[in-house]
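Asker: All chains should be built: construct the whole structure from the sequences, respecting the hints.
So the protein sequences, as listed, match chains W and E.
The numbering used here puts the first residue of the first sequence at 7, with every later residue one more than the last.
The numbering used here puts the first residue of the second sequence at 5, with every later residue one more than the last.
To be clear, the hints were calculated from the coordinates, so they are not data collected in a lab.
Ideal Cβ placement from N, Cα and C applies to all residues, glycine included.
Partner residues are not named here, just some residues of chain W that face chain E (Cβ under 10 Å, in silico):
#1 Ser66
#2 Cys71
#3 Ala74
#4 Thr81
#5 Phe213
#6 Gly218
Beyond 10 Å from chain W on every Cβ pair, some chain E residues (computed):
#7 Gly25
#8 Arg162
#9 Gly166
#10 Glu240
#11 Arg281
As a plain string of letters, each chain reads:
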Amino acid sequence: MKVMIDTGNYVAAKAAVMAKPDVIAAYPITPQTTLVEGIARYVATGEFKGEYICVESEHSAMSACIGASAAGSRTFTATSSHGLLLMHEMLHWAALARLPVIMCNINRVVGPGWNIWADQNDSIAQRDTGWIQFYCSSNQEIFDTVLQSFKLGEHKKVGLPVMINYDAFVLSHTSMPVYVPEQKEVDDFLPSFKPLWKLDVDNPITFGNIIGPAYYEKVRKAMQDAHEAAKTLVPEIAKEWKNKFGRYHGDLVERYKCEGAEYILMAMGAIGAESKVAIDNLRAEGLKIGLARVRTFRPFPAEEMIKLGKQADLIVIDRNISIGSEGALFNETKASLYNKSDAKVHGFIAGLGGKDVTYQDIQNICKKVINGKAKDFEWYGLEGD
Amino acid sequence: MAIKDLPDIECVIPGSAACPGCPATLGLRMVFKALGKNTIMVVPACCTAVIESLYPNTSFDVPVMNIAFEAAAAGASGIEAALRKQGKKDTTVLAWAGDGGTYDIGIQALSGALERGTNFIYICYNNQIYSNTGIQRSGATPYAAWTTTTVTGKTEFRKEMGDIIMAHHIPYSAQACVSYPEDLYNKVKKAKSIKGPKYIEILAPCPPGWRFSMDKTVEIGALAVETGAWALYECENDVVTFNGKSKLILEKKIEPKPIEEWMKQQGRFRHLFKPERDEKRIKEIQEHINQVWERYRKCYLRK
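Answerer: Set out below in structure tokens:
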């Protein structure tokens, strides 16, 4: 096991290459660009031995991955923000075609105006595409999750594409030490790709022709079943990783100091990491508070939410806003608890447009709730407030 | 090669949902006679997505990947890369798209794949309309033609896709027409033998779209060539050769028939002749075709 000190993007590129994909198709977009550059370097050094297609758009990147995956190849790509939005149509296509394309998305603001910093509205806007969605909080988690995602997406009970999300610049361009296993260890963990179906001249099938309502509904149901299966497989794979490599980032959620907690803070991505500092400080002050960092937004860990809701009141911080409604995690957490728990749930919007969310900010949010000063749903730290 | 000598290979099998007289089906039968069964086909939204019939059935005896409207060439790039990695060098990757998916929404992905050097054959079957959505104008629709979105006739001349393709300097591109099956067969056969990106465009006269009787598909296509509305040519490594009657027109060995002989046969141009002749537009169209051929002669006539 070696230690690599590098940025989230280079770490993701390293993990992707160690998964030995047959085909990578990608288009550069800030702040994902250094990831595709990382892949290009591995092509140049011969460490990546697959096909690297430098396409002319993100739409084509996903289309090429779909073609390659349908032809029976392991595939990987990466994008961010507007690139992800341009892919939107093909995200549905990959999921409905049950093709386990693996993709890193670097969470970045959607314009206008142009802004390149962290914000989850890009990936939240893709929540209904059928993709499994992970949100990472450290470079180590990015590395581990990329490799776990190949195993999850390609599992015969899942057969779905997986999106690994992490915050722009906060992780994509920040160097951290990351433990990297030997290639052989990765190969032992991740067997070669066995497609659920493929384009094969010896067994010609027509994929994706006109489908009537009855069959179509079954296709959708099967995708839903696959997400349900993923709820069991994500923890299993995380446990296997822990046993093999000693590192664990939680399963569907990561619980931190939740024992005896009367309040539980919830967040996704880098805010989830920052929250640990806040929890430590609040605990030191004698406040009974813990953290549940949501790793998979899809499948949504509803059963976990119910368990948490039976134990404590919940404080949700969203780095996204479903305009006309609320933060997505807040909204879905409440939906999970409906008829199942009497917990109070408070929602905060914070950190949009890449605004820094410090541990002090998180402490302020928590204290506002604990002191009974918080509304059900509010924006934290708006300029001028 | 004579028609009777064409291979027996049939990849369009019973169950096709094509309209009677469908030129796309005619073209596909020829294409597969040239390509054989060791072919993977990519189909974007177009008539063929209907022709192939309803899941769980199919009317094709080759593997087919349906893909989104603008994504045929990019999807083919992915398949080709996968096959290369798997060492399957002899499988042909065929992208088969209509003119809407080629001239308009799909042109970016097509241009990207040609520029990247994807080893595939891209065939556009050009019926000059968006026909799987009905009969709407596309960048390939000729001037003055009626469609449901150009009710009094299209006000622009069609895009010269062949020129756009040639600007990519790929090893092989060609124009063909379903009315000349041997010519089409030979072009596809040649494309199959060449490595790198190949583009073939097939003029596909559509009976419901162009408003002519379904038994006249071949005749209308031949008239398009004989009037100069469509040219048969191929371009190998930047050298353009005209074929068949188009060669004779280029070399002025035969006089093209007046364009109205082609137009008169089609309901989509009826408004140019009834209730009274639209001399202005008919003249404009003829002059435009004359200019196109003068340009062809200037560029491609070898002394």
